[in-house]
Structure formats: structure tokens, C-alpha cells
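I would like the entire structure built from these sequences, with the hints used as guidance.
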Amino acid sequence: MTLLLQAVVNGLEMGFLYALVAVGLTIIWGLMEMINFAHGEFLMLGMFGAWWLSVTFGLDPLVAIVPVGLAMYALGVLIYRQLMRRVQQGDPFTQIFATIGLLFLLQNSAVAVFTSDYRYLSNTVLTRLSGANLHVLGVSVGVPILIGALLALVLFLALYLLIDRTEFGLALQATAEDREAAMLVGIRPQKMFAVAWGLGAALVAVAGAILANFFAVFPQVGFPFTVLAYAIVALGGFGSILGTLLAALLVGVVQSVTSVYLEPAFKDAFVFASYILIGLCRPQGLFGRF
Amino acid sequence: MRRVPLVLSAGACLLFAGVLASQTVPAANVQEVLVGELLPLTGNFASLGQQYLWAGQTVEDIVNNDYPDLTVPLGPGKGFPGLGGATLKLVVRDDQSRGDLARTLAEQLITVNKIHWLNGEGTSGNTSIIQPVVESFGIPMSCHPCASPTLTEKGLQWFWRTGPNDKTMVASVFTFLREWREQGGPTDLKTIALFTCDNLFCQDNRKIAAELAPKAGFQVVLDLTTKTGATTLASEVQRLQAANPDVLFLVQYPPETSIFQGDAKRAGWMPKIIATSNGAYSDQTWLEAQKKTNGGAGWLGRDPTAIDLVQDRPSWKKVNEIYKKYSRGQNMGELAMREITGMLWMADTINRAKSVEPAALAKAASETNMGPEQLIIDYKGVRFDKTHQNELAAGVVTQVGWDGEKHTIWPWDLAKRANFKVLYPSPGWQERDTKPKPAN
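So the protein sequences, as listed, match chains A and B.
Going by this note's numbering, 63 is the number at position 63 of the first sequence; the sequence numbering is gapless.
Going by this note's numbering, 323 is the number at position 323 of the second sequence; the sequence numbering is gapless.
Accuracy of the hints is not assured; some may be wrong.
[As the list claims (entries may be wrong)] Incomplete in silico selection of chain B near chain A, CB under 8 Å:
(1) Thr42
(2) Thr168
(3) Thr225
(4) Arg239
(5) Ala243
(6) Gly262
[What the hints assert, rightly or not] Computed Cβ-Cβ distance ranges for the label pairs, DEER-style:
(7) A/Gln284 <-> B/Tyr424: 22 to 32 Å
(8) B/Asn244 <-> A/Ala132: 19 to 29 Å
(9) A/Ile276 <-> B/Pro214: 35 to 45 Å
(10) A/Ala132 <-> B/Arg181: 32 to 42 Å
(11) A/Leu105 <-> B/Lys154: 54 to 64 Å
(12) A/Ala158 <-> B/Asn65: 51 to 61 Å
(13) B/Gly329 <-> A/Ile96: 38 to 48 Å
(14) B/Pro214 <-> A/Gly101: 26 to 36 Å
(15) B/Thr434 <-> A/Ile100: 32 to 42 Å
(16) B/Tyr424 <-> A/Val143: 53 to 63 Å
It should be emphasised that the hints constitute simulated quantities derived from the structure, not laboratory data.
Beta carbons are placed, not taken as given, at the ideal position from N, Cα and C, and that holds for glycine.
This is the structure:
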């Protein structure tokens with residue numbers, strides 16, 4: 001029983017980290033319905049940003065989330081204005097190929113600048129806490145990941161309030177729903193899309209800065225997270241911020257529990273099997289609307 | 001109508017002549033020897049690919065420039081003397097760590113770039129995919145750091161490997177564990193768990209370890225295969241902790257190894273011995289990172305050379321200086337050493353063949369009998385068996401000490417020279433945290 005409980009707790013902890021990665025995609029793909037296959041590369045840039053600020057200026061990644069987030073917001077807006085705005089006018093397939101191209105451009109640029117070496121952070125607040133646990137009912141909860149989870153919760157709450165409780169958020173939703181109608185009431189869709197791309201890039205880069213404490217930093221690090229993030233956003237329901245959070249927790253728990261009792265090599269297969277099963281009953285995702 | 005057979009015969013003669021002309025390249029006409037370097041420079045295995053590229057550039061530099069004091073093949077003098085001073089030119093291609101692309105690029109290198117030798121791909125899985133292509137075209141191919149035994153067990157005519165395979169190297173680890181008992185080591189090591197990733201390299205290691213473990217007196221209590229590119233290994237660590245083996249045989253790449261370390265630390269679990277085989281243990285950046293955390297202290301693993309002793313060799317030091325010109329100042333790791341050793345053998349073979357004709361190259365390759373004094377690595381030499389595997393390639397066992405460096409602990413004669421006391425049992429997490437870190 002303790003084994004199962006521990007697996008569930010481990011899964012929930014990882015789920016929060018996955019949620020952190022998926023939150024940026026919720027805006028760009030889930031809400032604005034634009035495809036971005038370079039999402040993992042934004043994560044990778046956030047990780048490299050945190051690593052670089054740590055080794056160059058001794059800045060802790062928990063502090064580095066501010067400059068990294070701001071820089072990536074600017075990059076997100078720039079990418080929308082220079083690339084995606086034009087691509088958006090074409091076929092959806094154009095978006096797929098444009099962002100795949102962006103994926104390779106960003107990944108190979110990172111190889112050129114940083115090489116493909118693995119980089120590791122040490123002596124940060126969270127790495128110094130590694131091994132520290134809270135013990136509840138015979139189950140241990142890792143303190144560093146718990147802090148990461150709390151940060152994920154704060155980000156989700158902030159995003160929820162921004163999207164659902166502010167005029168800006170309502171304008172964003174209106175743009176996603178009907179661009180022409182939004183224009184009639186004075187909303188500038190291009191600006192909304194640019195802000196959405198900026199926010200999406202900034203949020204996933206902040207996630208990257210936190211994840212850099214737990215994972216090796218290298219140019220290809222984003223891919224496994226991106227695959228999971230896509231499944232999470234679709235599973236949670238497009239545009240649903242709460243749905244994304246719950247889906248991320250579900251994915252974490254499915255991975256963790258199945259790995260305890262079944263062959264761990266297939267842990268992602270179980271995640272996608274769950275997605276297919278839920279998709280059969282609720283094609284719109286757990287909290288999505290048609 | 002009578003002209004038809006005549007035209008066909010003339011056409012056939014021309015075609016035959018064309019084929020002959022394309023295959024036979026007289027030495028006098030060769031200005032450049034083209035070696036295809038097919039590597040994973042981007043994608044999942046890019047960190048390996050870049051080391052192999054730096055190694056290739058080092059060999060290109062050694063062959064094409066005069067290093068009078070360098071006692072490795074083609075060190076002194078410029079170019080290939082056997083080919084009238086022709087130079088070595090690498091034709092580098094990136095397969096993005098993808099087997100399908102590697103196959104296409106191998107065909108292009110042979111048919112479009114007209115390479116004389118293909119070196120690559122650096123990973124056993126993708127190498128096994130391009131082997132049939134190269135075999136069908138009939139040009140020499142080599143992959144020196146590839147360790148999967150299957151690569152040389154297929155009866156291929158055109159593939160050579162100077163490096164040891166996993167059978168040799170994993171056997172080194174288990175021979176050490178078995179003989180250690182007789183040499184004053186612990187006698188209570190009874191159980192082992194295998195913890196490997198899911199690709200060809202890891203699975204080859206797993207199969208060999210599963211076969212050798214009972215022969216070395218170990219009971220396999222858990223055999224876990226994990227996904228390459230895993231984002232968490234917490235559940236796997238839970239299972240390992242529950243099985244509580246004395247020895248953990250771990251074959252994982254650096255990202256997964258660091259995830260394992262984080263999850264094992266969180267669980268407070270450490271077996272008496274962590275034995276590895278390549279993967280993170282061969283990655284210089286992982287080893288360097290461990291110096292900041294003491295994370296690698298006590299880990300032991302197989303290596304193709306006694307890396308702590310080989311640095312005393314003058315040729316190693318000189319080659320390392322050349323390597324650092326290309327590697328942004330990084331020292332050669334053991335993967336780079338394997339690759340450089342193999343590519344210098346290739347250069348020597350081309351020189352001895354005095355031709356770039358495939359048959360002449362194959363003959364020279366098979367006639368290789370290179371002594372250890374010409375190598376920068378601790379092989380007993382280079383001489384091929386009938387499968388084209390270097391039968392003189394050897395394995396050693398090393399352990400990471402508190403100084404963060406690898407020290408030779410087997411074979412016993414080299415261990416005596418290295419004079420290192422084996423760390424046992426593997427230090428716990430608290431001890432690692434409190435001890436001074438070599439990099440701080």
C-alpha cells in the first residue's frame with residue numbers, strides 16, 4: 001500500500017512539473033488554436049538561460065526566472081510578428097511546417113552556441129535542497145520538487161485570473177473565438193496573438209528555468225516534454241487552464257503507478273493509451289467544450 | 001536488325017569499362033583520400049557525435065600536417081607517403097541521430113561524393129542500419145566506438161572495428177567482481193539488479209550482464225528496462241529500493257543517469273556497488289559535473305583503457321593538445337580516444353594499401369598487425385579476427401575516486417601501478433554532501 005501511495009505522490013509531483021511545461025502551450029495551442037512544435041525549444045532556451053545566468057553571474061534560477069521570462073516574452077512576440085503572423089494567413093499545415101522549421105533553427109542554434117554537451121546546475125537553492133524530504137503517513141515528499149510544484153500552482157492561478165477575470169483575458173478569448181467579431185468591438189487581434197505568443201514563450205521558459213535544477217541542460221532536452229505537453233493540453237481540453245493542470249497530474253500519476261507494477265519502458269505508452277481511452281468518451285478532453 | 005547485337009555489345013563494353021574505371025583508382029591520380037564521416041551531430045546523440053567529429057578533425061590534422069615527434073601512424077610527415085603525399089579529407093554529414101537519414105546519407109556519400117572509406121555512425125543502432133548499404137556498394141567501413149557485438153557477428157566483408165565490444169568490456173566488470181573476492185574484496189556481494197535503457201546499446205549490455213552475472217556468483221533480483229528520454233525514474237528507484245540488490249548494474253545515458261541520481265537521493269537509496277558500462281560513465285561532461293557534487297564517487301565501470309595511466313604516455317599528451325584545438329579546450333574522453341585510435345589505424349591502412357581501391361584497402365586492413373607502442377590507448381595492439389573485430393582490444397575496470405577522476409582497479413597489474421584503494425561500499429548521499437567537492 002505504501003508503495004502505491006508513494007507512487008501516487010511521486011506522480012503528482014512530476015505532474016506539477018509537467019503542468020509547468022504545458023501551461024505555455026495552453027495559451028498558444030489550447031486557447032489561440034495555433035500550432036507550435038517549437039514549444040520544447042522555448043523550454044530548452046529557458047533552461048539554457050537559467051544555466052548561463054547561474055554560471056556567469058551566479059544568479060539562482062529562482063531569481064533568473066524574471067530576466068529569462070522577460071527575454072522569452074520578447075522573443076515570443078518577435079516570432080509571432082516576423083513569422084507566425086504571415087504563416088497564420090495560410091493553411092494550418094503551413095503553421096506545422098513553419099514551427100518545425102523553427103524547432104530545428106532554435107535547436108541547431110543552441111548546438112552552435114553551446115555545443116551538445118550536457119550541462120548541470122549545482123549550488124542553487126533547489127539543488128542544495130536535493131535529498132530533503134517531508135514525511136507524511138510513511139510517504140516521503142521531495143522538498144525541491146514540492147517548491148517547483150508550488151511555483152506551478154502560482155503560475156496556473158495567475159494565468160487563470162488573467163484569462164478568466166480580466167478584460168485582457170476576455171479580449172484574448174474573444175479573439176480566439178471570432179476574430180472579426182472581436183475587431184468590431186475594438187480589439188486588435190494581431191496584438192492579442194502577439195501577446196499570447198509572448199506569454200506562452202515566457203511561461204514555458206520560466207518552467208525551463210525551474211526544471212534546469214532537476215534535469216541535464218542540452219539542446220535536445222525539450223522533445224520528451226513537448227510530446228507530453230501536447231497530450232496534456234489535448235487531454236485537459238483545449239483552452240481549459242484547470243483542465244491542463246488536472247490532466248498534467250493525471251499523466252504524472254499514470255506514468256508513476258504503471259512504472260511500479262508494469263514494464264517502465266512503456267510508461268509513455270500507458271499515458272497515450274489513457275488519452276485514447278478518455279478521447280473515446282470525451283473527444284473534447286476532460287474540461288473542453290465543443 | 002544485325003546492328004542491334006553490335007550496339008548492345010558495345011554498350012555493355014562501355015558500361016563494364018565505366019564500372020572498372022569508377023572502381024579502380026590508381027595511386028598516382030589520388031590527390032585527396034575522401035573519408036565519409038557520418039555522425040549524429042544533432043538530435044539525441046549529438047553529444048557523442050561532436051566528440052567523434054573533434055576526433056576526426058584531430059586525425060585529419062595529424063595526417064595532413066607534420067608532427068615529427070608524434071609516435072602514432074602518419075604523425076611525422078605530411079599526407080599519405082604511400083599515396084604520393086595525398087591528403088586526408090573528411091566529408092562530414094549529420095544524420096540528426098536518425099537511422100533512416102543515416103541510410104540515405106550513406107548512399108549519397110558513396111554514390112555522389114565518391115568517398116573511399118566510410119567512418120561512422122558512432123552509435124551501434126544506426127551503424128547496424130547503414131551496414132547493409134555499405135556492404136552492397138563494397139567499400140570499407142568502420143565504427144570504432146560502437147560496442148554492440150552484433151556489428152561484427154554478421155559475417156560482413158567490409159566492416160572493421162578496432163575498439164572492444166560490449167562482451168569484452170562487460171566481461172571485465174564481472175571478472176573484476178568475481179576475482180575481487182579472492183583479492184581481499186567483500187565476500188557478501190550476492191545479488192544484482194540490471195537497470196538499462198531500451199535501445200540496442202543498452203539492451204546488448206543487459207543481455208551480456210544477464211548471462212555473466214550468474215557465472216560470477218550473482219543472483220539477478222530485478223531486471224528493469226527504462227525508456228530512453230525518460231523524464232522521471234522515481235518509480236523505477238522505488239522498485240530497485242524494494243529489491244535492494246547488493247550491486248546495481250546501470251547502463252543509462254547522461255540525462256537519465258542524472259535523473260536516477262536525483263530520484264535515488266530523494267529516496268535515500270544507495271546500493272553497495274554501482275557498476276556501469278559506458279553511457280554516462282564515458283561522458284566527459286557528466287564526469288566533470290560530478291566533481292561539484294561528489295555524485296560519481298565510488299561508481300565503477302568498464303573502460304577501454306586505463307585512463308589514469310595513459311596520460312603518462314607522451315603521444316597521448318601531444319594528441320590531446322591537438323584534440324583541444326577542436327574541442328574548445330576539452331580533454332579527450334575515452335570515446336574520443338577510441339575513435340582517434342581507430343581512425344589512425346584507418347589512415348595507416350590506406351597508406352599501406354598504396355591505393356584507394358576497395359579490394360586493396362580490405363587486404364591491407366586484414367593484414368594489420370599494429371603494436372601497442374603506436375597507440376594512444378591501452379589495447380595490446382590491432383589485429384583482426386575473421387569477423388574483423390580487433391582481437392587485441394582490451395577492457396579495464398576503473399572507479400571514480402573522491403577526486404572525481406577515474407582510477408584503474410582491474411586488471412590487477414595495472415591496478416597495482418595505479419595504486420588506488422577501491423572505495424567500498426559506495427558512499428551514501430550524506431557522506432557525498434559533507435565531503436569536500438573536487439571542483440569547489
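So, going through the hints one by one against the coordinates:
Residue-level restraint check for B/Thr42 holds (minimum Cβ-Cβ distance to chain A is 6 Å; threshold 8 Å). Given hint, B/Thr168 at the interface with chain A, is violated; its Cβ is 26 Å from that chain's nearest Cβ, farther than 8 Å. Interface hint status for B/Thr225: upheld, as the beta-carbon distance to the closest one in chain A is roughly 5 Å, under 8 Å. The interface hint given for B/Arg239 holds, since its Cβ lies 6 Å from the closest Cβ of chain A, which is under the 8 Å cut-off.
With a least beta-carbon distance of about 12 Å to chain A, the hint placing B/Ala243 at the interface is violated under the 8 Å criterion. With 8 Å as the threshold, the beta carbon of B/Gly262 comes within range of chain A, its nearest partner Cβ sitting at about 6 Å, so the hint holds. Evaluation of the 22 to 32 Å hint for A/Gln284 and B/Tyr424 yields a failure: the beta carbon distance comes to about 58 Å. For the pair B/Asn244 and A/Ala132, the beta carbons lie near 23 Å from each other, so the given range of 19 to 29 Å is met.
Hint check: A/Ile276 to B/Pro214, Cβ distance near 41 Å, so the stated range 35 to 45 Å holds. A hinted range of 32 to 42 Å for the beta carbons of A/Ala132 and B/Arg181 is consistent with their spacing of about 38 Å. The beta-carbon spacing between A/Leu105 and B/Lys154, approximately 39 Å, falls outside the hinted interval of 54 to 64 Å. Under the hint 51 to 61 Å, the C-beta atoms of A/Ala158 and B/Asn65, about 60 Å apart, fit the expected range.
The supplied range of 38 to 48 Å is met by B/Gly329 and A/Ile96, whose beta-carbon atoms lie about 40 Å from each other. Between B/Pro214 and A/Gly101 the Cβ separation comes to about 52 Å, which falls outside the hinted range of 26 to 36 Å. Between B/Thr434 and A/Ile100 the beta carbon distance is about 48 Å. The supplied range of 32 to 42 Å is therefore violated. Roughly 31 Å separates the CB atoms of B/Tyr424 and A/Val143, a value that falls outside the hinted 53 to 63 Å.
Going down the numbered hints, you'll see the structure goes against 2, 5, 7, 11, 14, 15 and 16, while the others check out.
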